[in-house]
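Following the hints, position chains B and C against chain A.
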Amino acid sequence: MSIFEYNGSALIAMVGKNCFAIASDRRLGVQLQTIATDFQRIYKVHDRLFLGLSGLATDAQTLYQRLVFRHKLYQLREERDMKPETFASLVSAILYEKRFGPYFCQPVIAGLGDEDKPFICTMDSIGAKELAKDFVVAGTASESLYGACESMFRPDMEPEDLFETISQALLSSVDRDCLSGWGGHVYVVTPTEVKERILKGRMD
Amino acid sequence: MSQVAVEAPPKGGFSFDLCRRNGMLSKKGVPPPSYRKTGTTIVGLIFQDGVILGADTRATEGPIVCDKNCEKIHYMAPNIYCCGAGTAADTEAVTDMVSSQLQLHRYHTGRESRVVTALTLLKSHLFKYQGHVQAALVLGGVDANGPHLHTIYPHGSTDTLPFATMGSGSLAAMSVFESKYREGLTKEEGIKLVCEAICSGIFNDLGSGSNVDVCVITKGQKEYLRNHQLPNPRTYVSSKRFSFPKKTEVLLTRITPLKEMVEVIGGGDIMEE
Amino acid sequence: MDLGKVNLDAPHSMGTTIIGVTYNGGVVLGADSRTSTGVYVANRASDKITQLTDNVFVCRSGSAADSQIVSDYVRYFLHQHTIQLGQPATVKVAANLVRLLAYNNKNMLQTGMIVGGWDKYEGGKIYGVPLGGTIIEQPFSIGGSGSSYLYGFFDQAWKEGMTKDEAEQLVVKAVSLAIARDGASGGVVRTVIINSEGVTRNFYPGDKLPLWHEELEPHNSLLDILNSTSPEPMNI
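Protein chains in written order, with the working numbering: chain A, 1 to 204; chain B, 1 to 273; chain C, 1 to 236.
Mixed in with the good hints there might be a few duds.
Label-pair restraints from in silico Cβ distances [claimed, not checked]: (1) T163/C / G13/B: 56 to 66 Å; (2) I83/C / A144/B: 21 to 31 Å; (3) D116/A / V41/C: 48 to 58 Å; (4) Q33/A / V116/B: 50 to 60 Å.
Cut-off 20 Å, straight-line C-alpha distance, at most; resulting in silico cross-link-like pairs (EDC-like, lysine to aspartate or glutamate) [stated by the list, open to error]: (5) K28/B / E5/A; (6) K240/B / E79/A; (7) K240/B / D156/A; (8) K240/B / E158/A; (9) K27/B / D59/A; (10) K259/B / E150/A; (11) K17/A / E79/A; (12) K246/B / E164/A; (13) K44/A / E193/A; (14) K17/A / D116/A; (15) K117/A / D161/A; (16) K247/B / E5/A; (17) K246/B / D114/A; (18) K133/A / E249/B; (19) K259/B / D81/A; (20) K68/B / E150/A; (21) K195/A / E71/B; (22) K128/B / D224/C; (23) K222/B / E71/B; (24) K259/B / D175/A; (25) K200/A / E249/B; (26) K247/B / D161/A; (27) K208/C / E197/C; (28) K247/B / E164/A; (29) K240/B / D116/A; (30) K259/B / D47/A; (31) K246/B / D59/A; (32) K259/B / D116/A; (33) K247/B / E79/A; (34) K120/C / E137/C; (35) K200/A / D175/A; (36) K240/B / E193/A; (37) K27/B / E5/A; (38) K247/B / D59/A; (39) K240/B / E160/A; (40) K68/B / E143/A.
In case anyone wonders, no lab produced these hints; they're calculated from the structure.
From the three backbone atoms N, C-alpha and C, an ideal C-beta is built for every residue, glycine too.
If we strip away everything but chain A, and leave its shape as in the complex, we get (with noise of 0.2 Å):
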């Protein structure tokens, strides 16, 4: 087995029109047994930029701690939040540093850049940035989410249009992997609010 399967995780970025949703499952297992159904997985970073870690839970809440630390270092020196931009690369130089011994996690980032254009992105475990114009996944049930965005995502869709897309996306490939599930946690961001919803799913 993977480490990266030892949690269990399922996670996705997606772009609308000038919005984002971000989204995963809330469950948090040791192999095959569950721990906790209400745990997070996406933290905010900023009002406008959020981030998802997915695979080895102590891994992700550490890599966050020291994400944190340096953002906030940023925000005294710049006396400014960064931009989406800058926040991936700053996760990219953190995970490359440790190119040979590192964290297993896989981020994703989304947040809205200037003039509110969505930023979304993902990485793999040190620091490979993939992005990507349209959604991005991560975790254990990536395979299964890449089938359901790839069919399910449309171009500019609208805040409560996207929501229902990649609830439906999440919630669907979540259902084909044992390792995630138990609900979804899903943010909608948009220049004027951050819409934070608790999705019911299977408890099985």
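Chains B and C alone, transformed into the frame defined by chain A:
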């Protein structure tokens, strides 16, 4: 010596902190993870007035295609570009590092970068890590000494060639070059041959796929032709959009309004001194 | 090695034939031009005879990366040395620098080299620096995977006091013999002649080399063989 309580941002170089833990996990039978690879076809050739580089656009992670349209032709300097194959993070990092060293060198000397400078920086980095930084590169550019094309292997050896291929599709691409390359190709012929070599990689090698990127570098100018050919368009687009008759069941909704950006128009009262 | 699968992750190495021969007045260096990764020929026209200074060259074999880094360092040291000394470095100095690097890093390096050149004190000299970092001054030296096919030939064919042309013909003949028998050697033959007058580089393309036992004439198509020579291909 007292332990520093807060870790300061590092100055550079690799960190081997987690190697012991990860080594312990490997020993307990947890296999090390697979990284994003660019199982790739990358090529380059010299034509009558410069260099042409070409690449496919598929990135893979094991058997999964994780990026259908990635960029494998990296910027090194205004007159030098570099195609990368191997572990995606390594090709990206090594080309970024060297391109910034070249930029600093240009600021220092005020002269155009030379291809051999890039070559030496790349090969000494790769040699230092004895093949563990898995980057196989095709480096091309035009400088004061004319056009140059080099291949760089992960262990740090280099070759100088009139035409070169790298990556898992290199055999397919090389067969095209070996049968059709000649000296003194025109730009159009060169681009055509590069596209043909990349396409033979795309269609005959499973690690390569999607589109053709081309970069033409001549004396004093360059053309980056991103997605020059799209031989694999999506064929299964449904005209009907997906509709979800039953709405997703939501347990809880929390709405956080974002702070409005306040713009100050016109001057207020001047502050009393 | 798995012959069914081309292993592109294998280190880039030069299964090679390299030769250095002294004659009356200078030295001739020779090499084939094949560089391979596993069973794939990564470069069929490489140059394994690398210049160190105006009057000293080195033939490289083994790992391409290692031999390149060693010759790059030695070239750099010799440039410094030449400036400090105010006159050309001797072949002995160059060979000793190669030896120093090869010996001090013998656990890291997989490379055998032949240093050859001419200087005003000792004339033409050949030094072999094999795998562990010993240095051997020899009248002729052969190296690389192809050399095992050549020891007997050289014992028979090498003569004291050859002329330049005799020596070069010997080198070309020897490399072409090794190319014929050694799978890891191939391509073209390159030679470098160094003497008091300077350096001459020569190039012998693969289709102009002598043919040895059971070798076939070069053909553009295998069908030519069927059509022209004999109607029954197996009737030889």
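Hints and how they fare:
no., hint, verdict
1, T163/C / G13/B: 56 to 66 Å, "holds (57 Å)"
2, I83/C / A144/B: 21 to 31 Å, "holds (24 Å)"
3, D116/A / V41/C: 48 to 58 Å, "holds (54 Å)"
4, Q33/A / V116/B: 50 to 60 Å, "holds (58 Å)"
5, K28/B / E5/A, "holds (15 Å)"
6, K240/B / E79/A, "violated (47 Å)"
7, K240/B / D156/A, "holds (15 Å)"
8, K240/B / E158/A, "holds (17 Å)"
9, K27/B / D59/A, "holds (19 Å)"
10, K259/B / E150/A, "violated (34 Å)"
11, K17/A / E79/A, "violated (29 Å)"
12, K246/B / E164/A, "holds (10 Å)"
13, K44/A / E193/A, "holds (14 Å)"
14, K17/A / D116/A, "holds (10 Å)"
15, K117/A / D161/A, "holds (18 Å)"
16, K247/B / E5/A, "violated (30 Å)"
17, K246/B / D114/A, "violated (36 Å)"
18, K133/A / E249/B, "violated (28 Å)"
19, K259/B / D81/A, "holds (14 Å)"
20, K68/B / E150/A, "holds (12 Å)"
21, K195/A / E71/B, "violated (34 Å)"
22, K128/B / D224/C, "violated (50 Å)"
23, K222/B / E71/B, "holds (17 Å)"
24, K259/B / D175/A, "violated (37 Å)"
25, K200/A / E249/B, "holds (5 Å)"
26, K247/B / D161/A, "holds (11 Å)"
27, K208/C / E197/C, "violated (28 Å)"
28, K247/B / E164/A, "holds (7 Å)"
29, K240/B / D116/A, "violated (29 Å)"
30, K259/B / D47/A, "holds (9 Å)"
31, K246/B / D59/A, "violated (37 Å)"
32, K259/B / D116/A, "holds (14 Å)"
33, K247/B / E79/A, "violated (42 Å)"
34, K120/C / E137/C, "holds (17 Å)"
35, K200/A / D175/A, "holds (12 Å)"
36, K240/B / E193/A, "violated (30 Å)"
37, K27/B / E5/A, "holds (17 Å)"
38, K247/B / D59/A, "violated (35 Å)"
39, K240/B / E160/A, "holds (19 Å)"
40, K68/B / E143/A, "holds (15 Å)"
In summary, the numbered hints that this structure violates are 6, 10, 11, 16, 17, 18, 21, 22, 24, 27, 29, 31, 33, 36 and 38.
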